[in-house]
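Asks: Chain by chain, the residues:
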Amino acid sequence: MRAARRLLVSVPGRELQKIRLGSSVFPAEQLPDDGISPALRDAVRLVLHHSSEWEQPALLVARPEMFPGGETLSWLQNRIPGATTHVSISDGSAVKLIPGLKNHVFFYSFGNGLDENVLKTLVRRTSRQLGALRSQWNSAYALRFEGKNVSLPTTALAGCYNSRAPDRALFKLFLDKGNIPNSMETISTIPAVDPARLNSYSPITYVTLTHSLLAAERFRSVLGKVILEHFFDESSALVFALPEADFKREGVTPSLEAFLAAARDTTFPIPKLVANNIFLSFGELSEAALGALDVPVMLWSSDILLCGATHPATTRGSSLSEYIFAAASCARNNSTKWLRFC
Amino acid sequence: MTNVKPALAIEIGPMLEDIWTGIPVFTRRLISALTQDGRLDLRFVHNCIEIPMDAVRSAMALGAGSFLRERYEQLTMSERRILDLSTPVLYPSTKSNLGGIYAREASTVHDLSTLVMPENHVEANVAYHMDHFEDELESNELTFAISQSTDAALQSAFPNTAGRTQLLYQYVDWPDEFEVLDRNSPTIDIGRYAVVIGTVEPRKNLTLLIDALSHPDIAASEIKFVIIGKRGWLVDSFLQDIPEHLRGRLIFSGFVSDFIKYRLIKAAEFMIFPSMYEGFGIPALEAMSLGKPVMAAMTSSFPEVIGEGGIYFDPFSVTEFAEAFAEIVSPSRAAELAAKALKQSSIFNPPRMAAPVVEWVCSG
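Residue numbers (the numbering used here), protein chains in the order written: chain A, 145 to 486; chain B, 9 to 372.
Hints are computed from structural coordinates only; laboratory data are not their basis. Beta carbons are placed, not taken as given, at the ideal position from N, Cα and C, and that holds for glycine. Wrong hints could be hidden among the right ones.
Between beta-carbon pairs, the in silico distance windows are [to be verified]:
#1 A:Q161 / B:I27: 38 to 44 Å
#2 B:L254 / A:T397: 52 to 58 Å
#3 A:T397 / B:A228: 47 to 53 Å
#4 B:E185 / A:G179: 48 to 54 Å
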């Protein structure tokens, strides 16, 4: 009897240093939330969501480097029956390969210059190793290999680990650059808006955010520009889905504070007014809520913003995955270097 | 007609260290093995300068590099001879340069932990080992790996090395006098114990042993654990989590001389090697050479080095650790493993270390 197919997942060693594991291989959903970074938590959730959709239960291999070949690899193979694919969730400092499997990489915590530099260093040191990968998940990094840019195929995963998210209310943006606490207070006192109200705007630009993205200097400049443009075009709407990871755990404040700080630090002047067409959602909107809108929705993935591409995907009535694939294709056609959704 | 032996120069940079552990010892063993083999005309070189043979031999007799370094630094201009660049050169470790200086070069890869476990190293160390590593491999006619495990990791990370690598297995050579000295020394009187290797780095995985102390089967055992090596700062924080009465089961030896290490291993019942990653794992071979079985993590090079001379466990599983422990403390099983350990250790010997090097030199 053939074993059910399984997806293997590995994570950076530094993320494992604060947690105690019970074995080298275990169901990925058992990776403790405490002790790992929010960015990794999001990435694992995203992979778990898709492994569930693909009906390939995910197993986490704590340190694939322990099993480079021979008897150790056989030992591992006995514990992972049915595994054909491995994704190395990477911070850019190392990419783990498991011999005999289809290896992929998922760079998860980029968005700040340091991590990108770490990856560039790794590429410089071991470009051939990265060339052995089947694809990169949710990024479109061009490897520099023997003097040429080599494109590693992109596998795009929709950032919909929370696609079954409850319907969420929207909050209008207010930014007092000199007083973030006051901005937060004001936002919380303005009546929330039902997402169905978005139908009165066209088009809608929907942007999903992560903490690492909000920390990225390049993103901040784009953020200010986008906000300012929408202030002067009240027929359109701009919706920011704030990082959800800490919403469940710590309340909404850290996400909101990070977002407002990012907007404050842009060089663009943001009017100290309540924006009637710029909304904040504490977590992503549900697929149902987006699908119900009878207006074009442009989903801007974070790295399309990062690289400043000017042709975001425009579609409606499709699933989030299709939006993402369209965006990925668009970004690739524009020869962009980075493309991320998570 | 006289037979001219092919020449080989060994880059003796590692032997200039004051204290010889790890790679300097590997270098010493390599030179001893090739000397015993006798088929090559051995030379010694550092930074292209030939090092007098008597200086290297003296350092080997002493087991330390300070005098050798002094001798090298004090060579007068007239004494300094550039090595003939056509001489094949073997680096016992990574090259300290980009390579490509000599007509035929080979270097030795001990492990790839800086590449696969960068979180356990400071960036400067990673940069030292990895920044020019690809160039180094390119400049090698052959790259030696100290285990199949290291070879597999090397070929995975650098696929272009395929077909250009060779294994270079080391061996253990306790000084002859240790046995007599040990016999004439007072007995180590701390009861039944196992020696444990590794405290300094997180990858040595001592935390597994500390966690396992609370397992009922291990808590009930009388076995103590003598931990050889520096007491790392991580240990103190983990020790706080275990009950006082179990804490007494751990004995930290600190850094010890080879002779003390010999004595501690010889008086132990077995060795525990919980490390998550090793290029070879020479302490396991040291234990087996003294007839001690090894309880080792199922990782990297351990199965090929320890073979049937030990028992393996998942390096993250306290349960598997406890099961392996129960097996190895059983007298009948321990006796069976001890015999296998001794036999396994004997397959790592000087002729085996010398053979691939001689083959490489003679192939040119």
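Asks: Please go over all the hints and tell whether each is borne out by the structure.
Replies: Hints, one by one, checked against the model:
A hinted range of 38 to 44 Å for the beta carbons of Q161 (chain A) and I27 (chain B) is inconsistent with their spacing of about 29 Å. Our hint of 52 to 58 Å for L254 (chain B) and T397 (chain A) is violated, since their Cβ atoms are close to 43 Å apart. Between T397 (chain A) and A228 (chain B) the C-beta distance comes to about 50 Å, which sits within the given range of 47 to 53 Å. The beta-carbon spacing between E185 (chain B) and G179 (chain A), approximately 50 Å, falls within the hinted interval of 48 to 54 Å.
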